[in-house]
Amino acid sequence: AQSVTQLDSQVPVFEEAPVELRCNYSSSVSVYLFWYVQYPNQGLQLLLKYLSGSTLVKGINGFEAEFNKSQTSFHLRKPSVHISDTAEYFCAVTGAGSYQLTFGKGTKLSVIP
Amino acid sequence: GAVVSQHPSWVICKSGTSVKIECRSLDFQATTMFWYRQFPKQSLMLMATSNEGSKATYEQGVEKDKFLINHASLTLSTLTVTSAHPEDSSFYICSAFDRYTDTQYFGPGTRLTVL
Numbered sequence: 001a002q003s004v005t006q007l008d009s010q011v012p013v014f015e016e017a018p019v020e021l022r023c024n025y026s027s028s029v030s031v032y033l034f035w036y037v038q039y040p041n042q043g044l045q046l047l048l049k050y051l052s053g054s055t056l057v058k059g060i061n062g063f064e065a066e067f068n069k070s071q072t073s074f075h076l077r078k079p080s081v082h083i084s085d086t087a088e089y090f091c092a093v094t095g096a097g098s099y100q101l102t103f104g105k106g107t108k109l110s111v112i113p
Numbered sequence: 001g002a003v004v005s006q007h008p009s010w011v012i013c014k015s016g017t018s019v020k021i022e023c024r025s026l027d028f029q030a031t032t033m034f035w036y037r038q039f040p041k042q043s044l045m046l047m048a049t050s051n052e053g054s055k056a057t058y059e060q061g062v063e064k065d066k067f068l069i070n071h072a073s074l075t076l077s078t079l080t081v082t083s084a085h086p087e088d089s090s091f092y093i094c095s096a097f098d099r100y101t102d103t104q105y106f107g108p109g110t111r112l113t114v115l
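Chains Y and G, in that order, are what the protein sequence lines are. In terms of this note's numbering, the first sequence opens at residue 1 and continues consecutively. In terms of this note's numbering, the second sequence opens at residue 1 and continues consecutively.
Each hint should be verified, as a subset may be incorrect.
What the hints assert, rightly or not - Calculated pairs, EDC-like style, for lysine to aspartate or glutamate (alpha carbon to alpha carbon, straight line, at most 16 Å):
{"no.": "1", "chain 1": "Y", "residue 1": "Lys69", "chain 2": "Y", "residue 2": "Glu88"}
{"no.": "2", "chain 1": "G", "residue 1": "Lys14", "chain 2": "G", "residue 2": "Asp88"}
{"no.": "3", "chain 1": "G", "residue 1": "Lys41", "chain 2": "Y", "residue 2": "Glu66"}
{"no.": "4", "chain 1": "Y", "residue 1": "Lys69", "chain 2": "Y", "residue 2": "Asp85"}
{"no.": "5", "chain 1": "G", "residue 1": "Lys20", "chain 2": "G", "residue 2": "Asp65"}
{"no.": "6", "chain 1": "G", "residue 1": "Lys41", "chain 2": "Y", "residue 2": "Asp8"}
{"no.": "7", "chain 1": "Y", "residue 1": "Lys49", "chain 2": "G", "residue 2": "Asp102"}
{"no.": "8", "chain 1": "Y", "residue 1": "Lys108", "chain 2": "Y", "residue 2": "Glu88"}
Honestly, the hints are just simulated from the structure, not real lab data.
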């Protein structure tokens with residue numbers, strides 16, 4: 001079984017500042033890792049994913065994440081945020097070859113003008 | 001990217017009635033779909049896994065007779081909330097698993113309000 005911990009429930013940040021949303025996971029098997037974004041009253045949109053290969057993964061909207069196996073982390077970063085990035089961000093994990101996702105509790109990113 | 005639709009996007013019904021929510025994968029086939037429930041300011045709670053042509057697998061604590069799931073084709077799964085009560089009011093989200101990309105793609109969600 002897998003578990004996901006998103007260490008920050010809320011992250012306020014000024015517009016054009018960099019941001020990092022933290023995600024740690026635990027698993028006894030190899031994992032696939034995902035970041036999804038949810039805007040108010042909407043479903044989840046895939047930002048990026050790590051399945052294998054390069055540990056630095058680039059996604060949509062200028063986001064990137066780095067898979068760190070030794071630290072069991074998959075932190076999400078953006079060098080310069082926009083007001084439109086205000087949303088809830090969910091980190092999720094699944095065992096490699098599986099398809100059932102385990103979600104973190106989410107991090108609410110608020111971008112301040 | 002892969003697209004998943006849900007219909008309706010919102011529904012209001014009277015207590016005791018049944019409500020059907022559709023989930024469709026528009027540009028890929030999905031042998032496996034998932035139904036989630038999300039309470040305000042919380043993460044997604046997996047309700048059940050829907051497999052095309054077979055019975056759904058329900059998570060512990062989810063009443064299978066109350067939340068009926070049918071996955072009759074490779075692009076459509078339906079969730080029927082039977083005899084709905086106010087406590088069933090929630091945001092229901094489906095996802096479809098694309099086995100070629102090992103990725104779940106999510107629908108836009110359905111807001112159910114039971115009066």
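Handout entry: Distance restraint between Lys20(G) and Asp65(G), which requires alpha-carbon spacing of 16 Å or less
Key = Distance of about 14 Å is within 16 Å: holds.
Practice task
For the pair we were handed, Lys108(Y) and Glu88(Y), check the Cα-Cα distance against 16 Å.
Solution key: The hint holds at about 4 Å.
Handout entry: Pair hint Lys69(Y) and Asp85(Y), alpha-carbon separation not exceeding 16 Å
Key = Violated, at roughly 27 Å.
Handout entry: Lys49(Y) paired with Asp102(G) [C-alpha distance capped at 16 Å]
Key = holds, 10 Å
Practice task
Decide if the proposed pair is consistent with the structure: Lys41(G) and Asp8(Y), CA atoms, cutoff 16 Å inclusive.
Solution key: holds, 14 Å
Handout entry: Pairwise hint evaluation, Glu66(Y) against Lys41(G), where the allowed Cα distance is 16 Å at most
Key = violated, 27 Å
Handout entry: Agreement of Lys69(Y) and Glu88(Y) with the hint, judged by alpha carbon distance not exceeding 16 Å
Key = violated, 25 Å
Handout entry: Pair hint Lys14(G) and Asp88(G), alpha-carbon separation not exceeding 16 Å
Key = At roughly 11 Å apart (the allowed maximum being 16 Å), Asp88(G) and Lys14(G) satisfy the hint.
Violated hints for the displayed structure, listed by number in ascending order: 1, 3, 4.
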